[in-house]
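Between the sequences and the hints, there should be enough to build the whole structure, so can you do that?
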Amino acid sequence: MTTAYQPKGLDCAACGAKIENAVKNLPGVSHAVVDFANQRLHLDTVDLERVRSEIKHIDPGIELSPPHEADDTARSRNVTFRKRREMGIIIASLLLFGMHAAFEQWFHEKGLVVLDYGIALAAYFLAGINIYISAFKTFRRGDFFDENVLMVVATAGAIAIHSLSEAVGVMIFFKTGEFLQNLAVGRSRRSIRALLASKPDHANVESIEGLRRVPPERVRVGETIVIKPGEKVPLDGQVLAGQSSLNASALTGESVPLSVRTGDRLMAGMINQTGALKLKVTKPFNESSIAKVLELVENASARKAATEKFITTFARWYTPAVVAIAAGIAFLPPLILTGADFTTWIYRALVVLVISCPCALVISIPLGYFGGVGRASREGILVKGSNFLDALAKVKTVVFDKTGTLTRGDFSVQKMVPLNGFGERQLLEFAMLAEMHASHPIAKAIVAKGREVGLQPDNASVAEHEDLPGRGVRALVAGQEILVGSDGLLHHRQIVHDICELEGTAAHVVIDGHYAGHLLIGDSVRADAGQAIAQLRNIGVTRIELFTGDNRCAAESVAKSLGVDVFHAELLPEDKVRLLEEIQSNTHHGGKVAFVGDGINDAPVIARADVGVAMGALGTDAAIETADVVLMTDSPLKIVDAVQIARRTRTIVWQNIVMALSIKIVFVVLGTMGMASMWEAVFADMGVALAAIVNSTRVLRSKGNN
139 MTTAYQPKGL
149 DCAACGAKIE
159 NAVKNLPGVS
169 HAVVDFANQR
179 LHLDTVDLER
189 VRSEIKHIDP
199 GIELSPPHEA
209 DDTARSRNVT
219 FRKRREMGII
229 IASLLLFGMH
239 AAFEQWFHEK
249 GLVVLDYGIA
259 LAAYFLAGIN
269 IYISAFKTFR
279 RGDFFDENVL
289 MVVATAGAIA
299 IHSLSEAVGV
309 MIFFKTGEFL
319 QNLAVGRSRR
329 SIRALLASKP
339 DHANVESIEG
349 LRRVPPERVR
359 VGETIVIKPG
369 EKVPLDGQVL
379 AGQSSLNASA
389 LTGESVPLSV
399 RTGDRLMAGM
409 INQTGALKLK
419 VTKPFNESSI
429 AKVLELVENA
439 SARKAATEKF
449 ITTFARWYTP
459 AVVAIAAGIA
469 FLPPLILTGA
479 DFTTWIYRAL
489 VVLVISCPCA
499 LVISIPLGYF
509 GGVGRASREG
519 ILVKGSNFLD
529 ALAKVKTVVF
539 DKTGTLTRGD
549 FSVQKMVPLN
559 GFGERQLLEF
569 AMLAEMHASH
579 PIAKAIVAKG
589 REVGLQPDNA
599 SVAEHEDLPG
609 RGVRALVAGQ
619 EILVGSDGLL
629 HHRQIVHDIC
639 ELEGTAAHVV
649 IDGHYAGHLL
659 IGDSVRADAG
669 QAIAQLRNIG
679 VTRIELFTGD
689 NRCAAESVAK
699 SLGVDVFHAE
709 LLPEDKVRLL
719 EEIQSNTHHG
729 GKVAFVGDGI
739 NDAPVIARAD
749 VGVAMGALGT
759 DAAIETADVV
769 LMTDSPLKIV
779 DAVQIARRTR
789 TIVWQNIVMA
799 LSIKIVFVVL
809 GTMGMASMWE
819 AVFADMGVAL
829 AAIVNSTRVL
839 RSKGNN
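Each position in the sequence shown, counted from 1, maps to that position plus 138 in the working numbering.
Please keep in mind that the hints were generated in silico from the structure rather than gathered at the bench. Please note: incorrect hints may appear among the correct ones.
Heads up, simulated EDC-like pairs for lysine to aspartate or glutamate below, C-alpha to C-alpha not over 16 Å straight-line [said to hold, decoys possible]:
hint : residue 1 : residue 2
1    : Lys553    : Glu590
2    : Lys730    : Glu694
3    : Lys587    : Asp548
4    : Lys553    : Glu641
5    : Lys416    : Glu361
6    : Lys522    : Asp748
7    : Lys534    : Asp748
8    : Lys162    : Glu187
9    : Lys534    : Glu720
10   : Lys698    : Glu641
11   : Lys366    : Asp339
12   : Lys337    : Glu425
13   : Lys534    : Asp703
14   : Lys337    : Glu433
15   : Lys416    : Glu344
16   : Lys194    : Asp281
17   : Lys730    : Glu720
18   : Lys534    : Glu719
19   : Lys447    : Glu158
20   : Lys587    : Glu567
Per label pair, the in silico range of CB-to-CB distance [as the list claims (entries may be wrong)]:
hint : residue 1 : residue 2 : range
21   : Asn597    : Arg631    : 23 to 29 Å
22   : Gly249    : Ile299    : 34 to 40 Å
23   : Ala294    : Glu247    : 27 to 33 Å
24   : Phe282    : Gln722    : 44 to 50 Å
Here a beta-carbon is modelled for each residue, glycine too, at the ideal position from N, C-alpha and C.
See the structure below:
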């Protein structure tokens, strides 16, 4: 089982990549992913101590602990102390360096060269002491391509060729850049976490002494809690008393008020707005809706996109390659070219060396994806991993299941048509008995109609009940075999009947092999279904198809009214999987196929799709388990939002990749040609890292392509 641990002290994205690569190759480790953006190590291992030892070997300053052991207050104080200490070091270094720069000529005129060098070196070592310590530990382990090792080599090399001022300045600027980079990453994390700050912090539990304010994790199932106006619902439960209006935007992304009263079920994370409510707790906190949402979002980074995996692999080879280029620049021209001196070419090599760390990519790419997942969750869209964000961005074909997605799924019996000597009441009663134990919406509609007309069938008379997936149900009632289902069921059982094509959805009833008639079932198209399909076309989805187990007439009616390209009717679950595979094989140019269903009845086809989307899954455990993307409301427009957010995220990620690589390539070329200084190289390296980090958070402030 995969567990999320917190790597305390991990403040270097490149180190995180090294840890991931080392740990996942250890014996007994089946899964290891470092999520630098979210400060997590997702780990599945049988030997945790060996993992701890390996991490200590890579970086002795990192402690591995379960997330729940983290003390947020203590950690916040520690971070504040480190910020102040780092800022103090930078300011002191700048003052010393300023003194050296301002009085260098005067010191030399007065013969105080040693004092001048002493001040400069003091600034150098003050700014670089932690870098030197880290470089020494890394070098001792045989890792020669760590950013700290490379910075020490570059600045020490500059001092060796009598460029002391530049070496000191580069070290101070590197230190300042790291400080600003850590600030930017921290701010980005806080921005993302602010979107997820939906976790209730307390519950008001009723007791003999009155209300007790306790953490939601300590409340037991069956206890009664009170939710005051303005408070968050801390746990899932049922309203015992009171009525109010609630805001469910933390779960659904929509702030439309939800009216509740006695008997209604509430979900943790909703905000009570008007009246006090008394609630009976039905689930512990770790099984509540908001806990599942938060866990899903926080663990999404464990599933990396292909782009992230590429960058991790690229980073492992990029730095050694640039170091090799720098070594070639330093030594080959002076040995080959007439008149070329070592000092000039070594300096050029040091410029290239400064630009050799891939931090801008290693930090900003995961941060961009994490921001996309966070933004989607704020819209009531749960994406299980950045790999699914990437797949969503490439969707060119969307296949909808009809019932409960494009239609409301609120079935009702519109008409009863008894045949062959059977009466209406008899037809409905037998259908009701057969469907009593079924969970399908049509079954519920038939049972509701029976109760509406006053039928009170004897449940004890139902001796057997069997679901026939994709066809209907079979029951043995008072010794008689009852079949209720589709026209396909009639043909499968070779039941003689006159009419196959009916206007709308029909539930055919068979009693002891005799066709008794049918019930016409009504359903309505969702108000925003047409708008959703139109918007999908506007954003570049080229093909939209409809799957349904319903009859051809009902499917054709919905498809025509919404402008769906192709519809497929009377499908069994295995037919849906087969057809989806055909669509996937015919989809060219890298386009992905998304299937949108209810997440329960369509589990096989949702699992087979490139992107399986469960719609209207608020509180549905099965949907959250099955789908890659979970839409927490029943609005088809959410699939449009999901695709737009995914494309926006992917655009930002590629902007960062192109920007970072372009700057690095330019400075490798300029450094080789002697047209860039170490100052400019370190400024460009840190600048592009900061720009990429800031750019990664843009997805939090917008959705779609606007």
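Consistency of the hints with the structure:
1. Lys553 with Glu590: holds, 14 Å
2. Lys730 with Glu694: violated, 25 Å
3. Lys587 with Asp548: holds, 13 Å
4. Lys553 with Glu641: holds, 11 Å
5. Lys416 with Glu361: holds, 10 Å
6. Lys522 with Asp748: holds, 13 Å
7. Lys534 with Asp748: holds, 11 Å
8. Lys162 with Glu187: It holds: about 14 Å lies between the C-alpha atoms, which stays within 16 Å.
9. Lys534 with Glu720: holds, 15 Å
10. Lys698 with Glu641: holds, 14 Å
11. Lys366 with Asp339: holds, 14 Å
12. Lys337 with Glu425: Holds - the C-alpha atoms of Glu425 and Lys337 are around 13 Å apart, at most 16 Å.
13. Lys534 with Asp703: The given pair, whose Cα atoms are some 13 Å apart, holds under the 16 Å limit.
14. Lys337 with Glu433: holds, 11 Å
15. Lys416 with Glu344: holds, 9 Å
16. Lys194 with Asp281: holds, 14 Å
17. Lys730 with Glu720: holds, 13 Å
18. Lys534 with Glu719: Status holds; Cα separation ~15 Å.
19. Lys447 with Glu158: Holds, at roughly 11 Å.
20. Lys587 with Glu567: Judged against 16 Å, a Cα distance of about 10 Å means the pair holds.
21. Asn597 with Arg631: 23 to 29 Å: holds, 25 Å
22. Gly249 with Ile299: 34 to 40 Å: violated, 24 Å
23. Ala294 with Glu247: 27 to 33 Å: Given about 28 Å between the Cβ atoms, the range holds.
24. Phe282 with Gln722: 44 to 50 Å: holds, 46 Å
Violated hints, listed in ascending order, are 2, 22; each of the other numbered hints is respected by the structure.
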